[in-house]
Amino acid sequence: MNEKKILYCIDGLVRGGTELQLVELIKRLDKTKYEPHLLTIRETDKALVPRECRHIEWTVPSLMSPRGLLFLIHLVRILRREKIDIVQTFFQDSTIFSGTAAKIAGVPVRIASCRDMAFWSSSFEGRLMKLAYRQMTGFICNANAVRDHFCQTFGIDPLKTTVIYNGVDQSLLPVNEFKATVTDIGIVGNMTRQVKRTDLFIKAAAIVAKKYPAIRWHIVGDGQLRPELEKLAESFGVKQQFIFAGRVDDVSSFLEKLQIGVICS
Numbered sequence: 001m002n003e004k005k006i007l008y009c010i011d012g013l014v015r016g017g018t019e020l021q022l023v024e025l026i027k028r029l030d031k032t033k034y035e036p037h038l039l040t041i042r043e044t045d046k047a048l049v050p051r052e053c054r055h056i057e058w059t060v061p062s063l064m065s066p067r068g069l070l071f072l073i074h075l076v077r078i079l080r081r082e083k084i085d086i087v088q089t090f091f092q093d094s095t096i097f098s099g100t101a102a103k104i105a106g107v108p109v110r111i112a113s114c115r116d117m118a119f120w121s122s123s124f125e126g127r128l129m130k131l132a133y134r135q136m137t138g139f140i141c142n143a144n145a146v147r148d149h150f151c152q153t154f155g156i157d158p159l160k161t162t163v164i165y166n167g168v169d170q171s172l173l174p175v176n177e178f179k180a181t182v183t184d185i186g187i188v189g190n191m192t193r194q195v196k197r198t199d200l201f202i203k204a205a206a207i208v209a210k211k212y213p214a215i216r217w218h219i220v221g222d223g224q225l226r227p228e229l230e231k232l233a234e235s236f237g238v239k240q241q242f243i244f245a246g247r248v249d250d251v252s253s254f255l256e257k258l259q260i261g262v263i264c265s
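Per this note's numbering, the very first residue in the sequence shown carries number 1; after that it's consecutive.
Calculated directly from the structure, the hints in this document are not laboratory data.
Do not take every clue at face value.
Pairwise CB distance ranges (calculated) [unchecked claim]:
| hint | residue 1 | residue 2 | range |
| --- | --- | --- | --- |
| 1 | G237 | L131 | 44 to 52 Å |
| 2 | Y165 | R51 | 23 to 31 Å |
| 3 | K239 | K31 | 28 to 36 Å |
| 4 | Q259 | L70 | 21 to 29 Å |
| 5 | H74 | D249 | 28 to 36 Å |
| 6 | P158 | E43 | 30 to 38 Å |
| 7 | C264 | L20 | 13 to 21 Å |
| 8 | K4 | P213 | 54 to 62 Å |
| 9 | Y165 | A214 | 13 to 21 Å |
| 10 | S62 | Q259 | 42 to 50 Å |
| 11 | R127 | I260 | 21 to 29 Å |
| 12 | A145 | S122 | 17 to 25 Å |
| 13 | V175 | R226 | 30 to 38 Å |
| 14 | K210 | K31 | 50 to 58 Å |
Calculated cross-link-like contacts (lysine-lysine; reagent style DSS-like; alpha-carbon spacing at most 30 Å) [claimed, not checked]:
| hint | residue 1 | residue 2 |
| --- | --- | --- |
| 15 | K211 | K231 |
| 16 | K27 | K5 |
| 17 | K130 | K179 |
| 18 | K231 | K210 |
| 19 | K210 | K5 |
| 20 | K103 | K27 |
Each residue gets a CB set at the ideal place from its N, CA and C atoms; glycine is no exception.
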């Protein structure tokens, strides 16, 4: 048995885009070649953790704390004991935490995932991430624009980057030709960050709703921004045409009910 051992590191597993893509990646990994391990350092929905993956579940409230340092030392020991070959990180905290531990432990392959336009980057965090990225041996970006932005902003060597586009399992989303009247339009996204631009969806819907009052507008997702978004729909006088569905476990089945799906981020 010479499977390469991979440790995937992410802040936490919740029902978000990156998190669910990681779950699918672990499930579809060729287990005859790779042995997956998973580290989460924040709150995690245990039901999402793939059964065939060894899971290390920690709560590291602050990286810059004595407790955070103890967790870092513990992770270094685990990486050495388990002889991990590859560490791949997702999100900033996991990249700083696990990337540093992997560098100290001598893990030969250290990969950071770049999946957005660094909307989260303040001047301080930008400097911090520059240091963190220097410890990585490779970067996987989900778009050419993302790669270019990270290389320019954080001084990453383009030769160390690989672009792999986000994938969709087409078997879960069969294409059905639609010729009837459009009745349902929707958007899916967590209401935890402004970058999802659900507010833009509501503003656009308010314009269209004046001409097509029979259309139902669906918003799937939840988070602290929900009350604000509901008030926005109400301010345009179209809240009765909106359906705030909250979190939906089976997103694919929900999307099949829509004639038009919208992405505003």
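So, going through the hints one by one against the coordinates:
no.	hint	result
1	G237 to L131: 44 to 52 Å	holds (50 Å)
2	Y165 to R51: 23 to 31 Å	holds (28 Å)
3	K239 to K31: 28 to 36 Å	violated (49 Å)
4	Q259 to L70: 21 to 29 Å	violated (53 Å)
5	H74 to D249: 28 to 36 Å	holds (34 Å)
6	P158 to E43: 30 to 38 Å	holds (35 Å)
7	C264 to L20: 13 to 21 Å	holds (19 Å)
8	K4 to P213: 54 to 62 Å	holds (57 Å)
9	Y165 to A214: 13 to 21 Å	violated (36 Å)
10	S62 to Q259: 42 to 50 Å	holds (46 Å)
11	R127 to I260: 21 to 29 Å	violated (42 Å)
12	A145 to S122: 17 to 25 Å	holds (21 Å)
13	V175 to R226: 30 to 38 Å	holds (31 Å)
14	K210 to K31: 50 to 58 Å	holds (54 Å)
15	K211 to K231	holds (22 Å)
16	K27 to K5	holds (15 Å)
17	K130 to K179	violated (51 Å)
18	K231 to K210	holds (18 Å)
19	K210 to K5	violated (56 Å)
20	K103 to K27	holds (27 Å)
Violated hints, listed in ascending order, are 3, 4, 9, 11, 17, 19; each of the other numbered hints is respected by the structure.
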